[in-house]
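Chains as they are written, first to last, in the working numbering: chain A, -6 to 475; chain B, -6 to 475.
If you are wondering where the hints come from, they were derived from the structure by calculation, not from laboratory data.
Computed from a predicted model, the values in this text were never measured in an experiment.
Errors might be hidden in some of the hints.
Quick list of in silico lysine-lysine cross-link-like pairs, DSS-like style, CA-CA up to 25 Å [stated by the list, open to error]:
{"no.": "1", "chain 1": "A", "residue 1": "K132", "chain 2": "A", "residue 2": "K316"}
{"no.": "2", "chain 1": "B", "residue 1": "K35", "chain 2": "A", "residue 2": "K332"}
{"no.": "3", "chain 1": "B", "residue 1": "K435", "chain 2": "A", "residue 2": "K332"}
{"no.": "4", "chain 1": "B", "residue 1": "K320", "chain 2": "A", "residue 2": "K435"}
{"no.": "5", "chain 1": "A", "residue 1": "K132", "chain 2": "A", "residue 2": "K320"}
{"no.": "6", "chain 1": "A", "residue 1": "K35", "chain 2": "B", "residue 2": "K435"}
{"no.": "7", "chain 1": "A", "residue 1": "K332", "chain 2": "A", "residue 2": "K316"}
Protein chains: 2
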Amino acid sequence: MNDSPNFHMTPDEFRQAGRAVVNWIADYYEQIESYPVLSQVKPGEVRSMLPPDPPQEGETFEAILADVDRVVMPGITHWQSPNFFAYFPANASGPAILGDLLSSGLGVQGMIWATSPACTEVETHVLDWVVKMLGLPEKFLSSGEGGGVIQDSASGATLCAMLAARERVTGFASNERGCDGRLIAYASSQGHSSIEKAAMIAGIGRGNLRIIDVDEKYAMRPDRLQEQIEADLAQGLVPFYVAATVGTTSSNALDPLRAIGEIARRYGLWLHVDGAMSGTAALCPEFRYIHDGLELADSYAFNPHKWMFTNFDCDCFFVADRKTLIKTLSILPEYLRNKATESGAVIDYRDWHVPLGRRFRSLKLWFVIRHYGLEGLRYHVRRHVEIAQEFVRWVEEDADFELAAPAPLNVACFRHRGGDAINQAIMDRVNAGGEMYLTHTKLDDRLTLRMSIAQTNTERRHVEKAWRLIREAAAAVTSGQT
Amino acid sequence: MNDSPNFHMTPDEFRQAGRAVVNWIADYYEQIESYPVLSQVKPGEVRSMLPPDPPQEGETFEAILADVDRVVMPGITHWQSPNFFAYFPANASGPAILGDLLSSGLGVQGMIWATSPACTEVETHVLDWVVKMLGLPEKFLSSGEGGGVIQDSASGATLCAMLAARERVTGFASNERGCDGRLIAYASSQGHSSIEKAAMIAGIGRGNLRIIDVDEKYAMRPDRLQEQIEADLAQGLVPFYVAATVGTTSSNALDPLRAIGEIARRYGLWLHVDGAMSGTAALCPEFRYIHDGLELADSYAFNPHKWMFTNFDCDCFFVADRKTLIKTLSILPEYLRNKATESGAVIDYRDWHVPLGRRFRSLKLWFVIRHYGLEGLRYHVRRHVEIAQEFVRWVEEDADFELAAPAPLNVACFRHRGGDAINQAIMDRVNAGGEMYLTHTKLDDRLTLRMSIAQTNTERRHVEKAWRLIREAAAAVTSGQT
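From just these sequences and the hints, can you work out the full model?
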C-alpha cells in the first residue's frame, strides 16, 4: 500500500517556512511604530477579503503568509507597539515567543502527570520560583499544602477560587446537589467584571454578589464590607467569598488586603486576591507593600502575560490549600487512571482548572525568567513605574488637566478639566491619528482617560510623544478644530 | 535619561534564536521515533534537575535550549510520535505550529472586536468554512442566528452550552439569583467526564446529572432517556440539558442524535453534541452519517486540536442561537465600552466563553485549512480510518484476541481473551518498551485496550509494528516471562 501522497510539510519545508515566519516577526517588531496602533478597519472589512469557501486544494506557504500581510495586518491593533497605552498590556517578548514555539512543536498534553511529566514538574517548579521572586507568602509553595498552576486568565483564576470557596463553605455539597441561592460573595465597585461573571457561571447569581463601596482612592472600604457581611448574616444568608484587587483595572487602586483579610478570617470567607497586572511590581522589593496582608489570603493570581513579558496565556494562580481546590474540580474517569496518579506522588493539573487538556505553558515563563533574570525583569518594571510617575507630574503641572486618581505604579488616570465631551473628543482624536492608543474609564461617573505604561518596548520617548499628542488634541478640540 | 541597559532580545538576536528553535523542532520530528513514546522518568526526577532558586542574572539562549534537551526531554511523552496510540490524539502540524507562532508574534488580544478586528473576523469566517467543510447544519453559520467560536477545549464548550441551557430554561434567572437545585441534566454512562465537571461548576450538582444506560454498542438509549425525563418531571424537577456524543472517549460509540434530538425538542431540553475527536471524520462525505440528526442540536463542538492537525488549543464550538449564549455570558464594564460594540455590527467573543482575554487562535486553523486544502485533510482522515479498520481485522482474525466494541472509525477497543490481569500486563509491557504507547478503558467492567489511530504522522507500518509488539507482549505474558 502506498503511503504517498502525503500533503504534510516536511521537516525541510518546515525549516524554510519557519525561518520565514521568524523573520516576518523580527521585521514586524522593527517596523511596528509605522503602523497605526489602533486598527482603522470598518466592521466586515477583513472578512470581505476572504473567499467565501475553503480551498479544495492546498496552497503554498508563501501565499498564506502574503495574505497575512494583505488581509490580517490592516485589522490588527498593535498591542506590542511601544505606543500602546490602552487597557492593560499583553506583553510578548522574544524568549516568551520562542518558549511558546517550542511548546507548539512538542505538542504535549499535560492533563495528568503521566502524559508528560516535564510539563507538570517544570510548571510546579517555576511557580515556586515565582513565589520567591515576588516575595509571596510561603504557604503558596508546593512544598507545603499549597501550590501554583498556570490558568488561562485571571477570569479562570477568579472562577476556580470562587468554586473552591463554594465547596469549602458547603462541605462539598454544592458539587453534589447544586447551589441553593443563599451564598453571598463580595467585591468592591472597582472589582473586575470577571467576578460578576464567575458568580453567574458558578450558580451563585450576580444578585448575590455584594458590591462594596470604595474610598476616595477607589479602594474597598473594609468597614463597609464588615457591615454588609453582618447584614447578610442577619438575614440568614451565607457569606463565603471576597475578592480583593491589587491594582484595579479601572484606576489601579490597591485594596487594603490586611484589613479585608482579617474580616475574611473572622467570618470564615475565602479571600481571593487578584493582582492581574500589578502583582508583577512585587518583583521589586520597594513595591512589595502592595501585597501587605496577602498571608491572610486563600488564593492569589497575577498574570505574567500582562506586565511580565510572557505571552498570553499565562495566569499564575496560587492556593494555600491545594486539597480543597483539587477536591472541588476532580473527576477521574477510567481512561485517565494510571499508577502515578494512584500513588499520590504526583500533581495532576487537570484537577486545578476547568479544561482537561493543557499545553506546556510554563516553558515560555521559564524562558522569560532565565533570559531576563530577576535583574532584567526588575529593571523594566522600575523603568515603567519611573516613566509613569514622570507622566503624572506632567499632568499635575498642566493647568488644563488633572489627575483623576492616585497613581501608585504604572497607570495614570487623568482628565482634561473641560468635561466628558472634551475628553471623549481628545481620546477619539489621538486614537484616530494612529500614533498612539489609549482608552478610558469612568470614575465618579466622569469620563477619565487612562495611560497604562507597561508595554515591553515602551521607553520614555514614547510617553513623551503621547503627552504631546494628548495636549495637541486638547488644543485642537477646545479651539473647535474637530 | 539613558534607556540602556535593555535586557530585551533584539530583532537580530530573535532571528538567530528563532532559527535555532525552528531547526530544533525540525530535528525533533526527524528523530521522534528514537525516543521512548511514554516518558520513563520517576516522579520528581525532572524537578531534581532544576535549581531551587530563579536566576538573578539573565542567561544565554543557548544555555536555555541546552536545558530543554537535558531537563525537559526525558520527561516528555511524545504525543507527536507516529507510535502514539493512547487516549485521543493532540495533533500538531507544520502549518499549525507556524500559525501559532505568528499569533504569538502579533501578541494581540481579541477580547472584543475593536481590540483587533482581524482576530475576530478571521475566526468567524474560518468557523463558517468549517461548517461547510464538515457539512454541518446551516443554522450554525454566522450569517443566520448562530455562529462559531474557538474555545480552549471541549470541556469549555460543554460548560458554556450547559450555562446557556441553564439560562434559557430559567429565563436568565439563574444568572441573577443563582441555581435552585431543581435543574436536571442528562448524559450517557459513556459521556465525557467534562459533563460531570460542568454540572459541578455550573451549580447544577453532579447528583442532578442523570446517567443514561447505553445499548450493546455503548450508545445512549433514547428510550431510557425519555423514561428518565418523565420520571424527573413527575417529581417536579426541571430537565434542561442533554449531552450526546459522536465518538465517545472510551470506545468511540456514536449516540443516536436524531432520536435524542427529537426527545430534546419534545421536552424543551438543550441538546449539546460533543464530537471532540470524531467530528473531524465528517470532512469526508462517506462519514457524515455520524452527524445524522445534528440539525436538532442547539450546540455542537469538535476539536481540530485532536484529529485535524491543528495544535491545541482549538475547540470549535457552534451554537444555533448566539443571542442566548451571549446573554448568558455577557458583562460590559465601562473600560470595555466602545463604538463598534455599541453599534451592534460586530461580534465580541469575550461574551462567548469564560475567559476575557483571547489569543488569535484562528490563525493556525486558517493556516492548516489552506496548507492541506480539503483534499489533503480528507486524505489523512481516510487513511487513518482505513488503517484502523485493517487493525480491526487483524484482531478479529487472531484467536487470542477479541474486539470489545464496534469500531466505526479510527479507534479500536480490543482485549486478550485471558482476562484483566493479562491485558494489564500486556499494556504495561508494551508501554515500558518505549516503541509504542497505548492506554486502556473499562467496558462492561472489563479492562479493555484501546488503539487510537489518528496521529498526524501515523502510517500503516507503525500500526503493523504496534500489532506485532502487542502480540509479542501477549506471548511473553502468557508464557510467564514477565
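Hints not upheld, ascending by number: When the structure is compared with the hints, only number 6 turns out to be violated.
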